[in-house]
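Enquirer: Kindly produce the complete structure, drawing on both the sequences and the hints.
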Amino acid sequence: MFPAAFDYRAPSSLAEAVDILRQRGEEAKVMAGGQSLIPLLKLRFSQPALVVDIGRLPNLAGVERKDGHLRVGALTRHVQVESNTDLRTLCPILPEAAHWIADPLIRNQGTVGGSVCHADPQGDWGSVMLALDADFVARSESGERTIKAADFFQGPFTTALRPDEVLTEIRIPLAAHSAGAYNKLERKVGDFATVAVAVQVEMNGDKIAKAGIGLTSVGDRNLKARDAEKSLAGKQPTDEAIAEAARLAAAAAEPKADVRGSAEFKRDIVRVFVQRGLKTAVARARGGQ
Amino acid sequence: MAATHVHGGIGESIKRKEDSRFLHGKGNYIDDLALPGMLHMSILRSPHAHARLKSVDTSAASGMPGVIAVVTGELMAQHKLAWMPTLSNDTQAVLATDKVRFQGQEVAAVIAETRYQAEDARDAIVVDYEVLTAVTSPEGAKTAGAPLIRDDKENQKDNHIYHWESGDQGTTRAAFAKADKVVRLHTFYPRCHPAPLETCGCVADVNGVTGKATIYMTSQAPHAIRTVFALVTGLPEQNIRVISPDIGGGFGNKVPVYPGYVVATAASLLIGRPVKWIEDRTENLISTGYARDFHMTGDLALDKDGKITALRVHLDSDNGAFFADAQPSKFKAGLFHIVTGSYDIPTAHITADGYYTNKAPGGVAYRCSFRVTEASYLIERLITNAAIEIGMDQAEFRKKNFIRKDQFPYHSATGWVYDSGDYHKAMDVALDQLGYDELRKDVEKRRKQGEVTGIGIASFTEVVGAGHGADFDILGLRMFDSAELRVHPTGKAMLRMGTKSQGQGHETTFAQIVAEELGIPAADVAVEEGDTDTAPYGLGTYASRSTPVAGAATAMVSRKLREKGRKIAAHLLEAAEEDLEWERGRFFVKGSPDKGKTIQEIAFAAYTNLPEGMEAGLEGVHYYDPPNMTYPFGTYAVVVDVDKGTGQVKVKRVVAVDDCGVRINPMIVEGQIHGGLTEGFGIAFMELITFDAEGNCIGSNFMDYLLPTAWESPKFELGETVTPSPHHPLGAKGVGESPTVGSPAAYVNAVIDALSPYGVKNIDMPVTPDKVWAALRAAGVSE
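Going down the list, the sequences are from chains R and S. Each residue of the first sequence is one higher than the one before, counting from 1 in our numbering. Each residue of the second sequence is one higher than the one before, counting from 290 in our numbering.
Keep in mind that the hints were calculated from the coordinates and are not lab data. Quick caveat: nothing in here was measured; it's all calculated off a predicted structure.
Non-contacting residues of chain R with respect to chain S, defined by C-beta distances greater than 12 Å in every case (computed): (1) L14; (2) G34; (3) A61; (4) V63; (5) R88; (6) R139; (7) S142; (8) F157; (9) H177; (10) D220; (11) D227; (12) K235; (13) A241; (14) R286.
Partial chain S-side listing against chain R, Cβ under 10 Å, derived: (15) R404; (16) A407; (17) D409; (18) T571; (19) K933; (20) F974; (21) I987; (22) N990; (23) F991; (24) M992; (25) A999; (26) E1001; (27) P1058; (28) S1071.
Beta carbons are placed, not taken as given, at the ideal position from N, Cα and C, and that holds for glycine.
Expert: So this is what it looks like as structure tokens:
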């Protein structure tokens, strides 16, 4: 496992980083925690001319609550989300999903921003951000823009980011009486998901005001199960309503058979996990925890 | 407070002497070695499973920075080294000359100043392949019109390698004709890989002036390797020195000779500088010795009382592109015919066929005696299925059919002579520890509530300690092993053996044998293995043979020295030899316990004050050729819950009762059992080397080849019984492999038991959620 030669830059400011990307973005890979990129380099699957290590940029790590949003800095490490006790009530799906990511070694090094920009269809954060309707803040030399999660993931390892842009922050809307859950089937700790499902609900009395559902590992990117989401809006979370949403989400999945199992199997796990996730999320949103 | 004196004899759980070195990061593994002027080698491997080599263009690679040489099959052929013999009397390509026959096969090698330079140049070699149809299973190999894989071999007209039989076809057929019930199981024991933490590698250092070839390598059998190298290369054997330094796990993977060793040695010879070759993880997984890959069909004949009357087995073995099974028996399918297991089965007939496929060669005994794991798995699965099918409790069915204690030594239907055993006792201890009767009631209750839960049992019999020279050899080298013991004047000792630890704790266990037999505290006995210039000749460590064979040799040489010690003590005490009595560490005059000499005093006298005419020194060597194999056994029980929604299996409990005869260091034995139960868990639930239709290996890194971690591994509850081996000097049987052999069937049987209310009879390993899900949904069970 010996990577091919590459240039290496470690900018010390965001301005310097976007300047490097303006000049050499097309031939560069941006590295944050390096937990996806370094294995790809070592396997020589990825042979960029330049690696821009943004790991030392200041003020890009951490989670803060501001203007009715959670702002997750792009360099926030998975473990920072996992161990943040405030999030367990504010937005429980975040620490729950973080706990499912890879193993402790990777959670200590890997970043939320790096993971979403890597845009692995088997990545966990993408589905969570789709369920949460998060916004992605990108910076380039020409300024800042915001990309909706639903527009961010464009295909396998492909995002809406331009080569001259760097992700700086993820903004997650916060609402009262809302909560989520993340269910993941993996073959062993550290494995990518066979199937995982992110579910977020906002309750209005005994009805679901709004639901978000993101699917992992059942498509060429993290998928948003829109029909299932819509089916729940304004409904009481009865077994029938949940089963119907689960059926619609399973129908929206685009799984492929592989060594982890058949397409039918994965589709059915989506169904099972949407059911389980909705029940948990509703209970949490109602103040169970 | 009195100081605690730790002697470290047999039965004491002293701490491992080697651990201080390992835990401080001071182990010395192959890749730690750096010799002056050392070069680095990288191997170019075939991306195709089956292709004709049209050309190998090395011109660009040769001119790259730091490149000293690019070695091709053609160059090796000029030195008659393009092919090498395998351990199963076949040939294997060192570097391909005509075709590539599996993905990952060695095509060329770059020798450069640094590893990075070697890897860069490797990528610059241009190979023109004509891709051929790949054969990826025995089924495919025997299809009419299947591509001929071994067209290099004269007289090889198809992909069939061997047909082999054991047992008695006539009596077995007759028994089946009379059977009241026949239970059939067709199951596949898939290809898995030993995947040691340290991959394979070597540093070859051929001195151009003296002609001495020193090869540091990851070998479980350095002495045998030296002889094989001498025979293959024609180098005089005294000029070859093989050194196995610390080895980070072997599990059978480090028994064979791999092409990398041969190319690195040839390159060092040609270039005149040391050459280091270290596999990366993918190279290890795709090209070195796999294990298992047996397609098995077993039939069990029963009478109306549930007594087994006969066993019939056919198996197809997938051997990959070269028949390189690493086994020293005269039996083509290894020791598979131990398949009658722990049961008194009057007659049996086993047939086996081996096939070439476009997959990596080298069926190794992954933590087992050769093919015993497959045998144990099949019979234990069949037994549980039979019990379920006739409606008898699986523990009761086993007890009804076990070989009884009074039948030992037991002659099996396929010719084995089991040394000793008490299978009923091991079963009773296991059931008691598990609380089986209560648990069974609980299972029934929970099933009525709609839960999917079950208990699996496996009562394995291992056959280890190869072996008596009449049946076991490597290229004619009989499977003895050796120990050389030198006691220094100050009473400290150096023990060297022909075996080679890869983590088993030899430096501790074997010092304890000396401590017991010669009375020198274990702390005062240094144990060395692995350097063929200093250690006595031996066949190495695998098949749980170190304690049965080299351990016996250690006991015997200790006893030899003790007898010399008796003579010296008699001289020092001015007493007759027969008037002396031995207690551990000391001879004393019968009736006068105060009048004695310690082994340390005797050792000093061996160099300073000898009886008239006696040779000086206190040292000796013993070569031990065991009279028989040893037969460890045990009963394992596993409890599982199954998630109806996802098909996930949760192992709730594992009770493992092992009988490995006398335990030398119980802590090390328990560590061995924990490791093996974990590997068995991995094999049962996640480890898999598989291939797509084109022969691409899936399982080429640790994201695809799944090893269990502490997170998913179950908690183990151990128990023991002790039935000494009657023929081993210490009564020990060997233990390293029992848990890998015995546990996969216990895990799978638990799942089958859980699914038995739904009529499920088989799920092939690894038992992954998708397979369990499919079985549940087929039975209409869902969430």
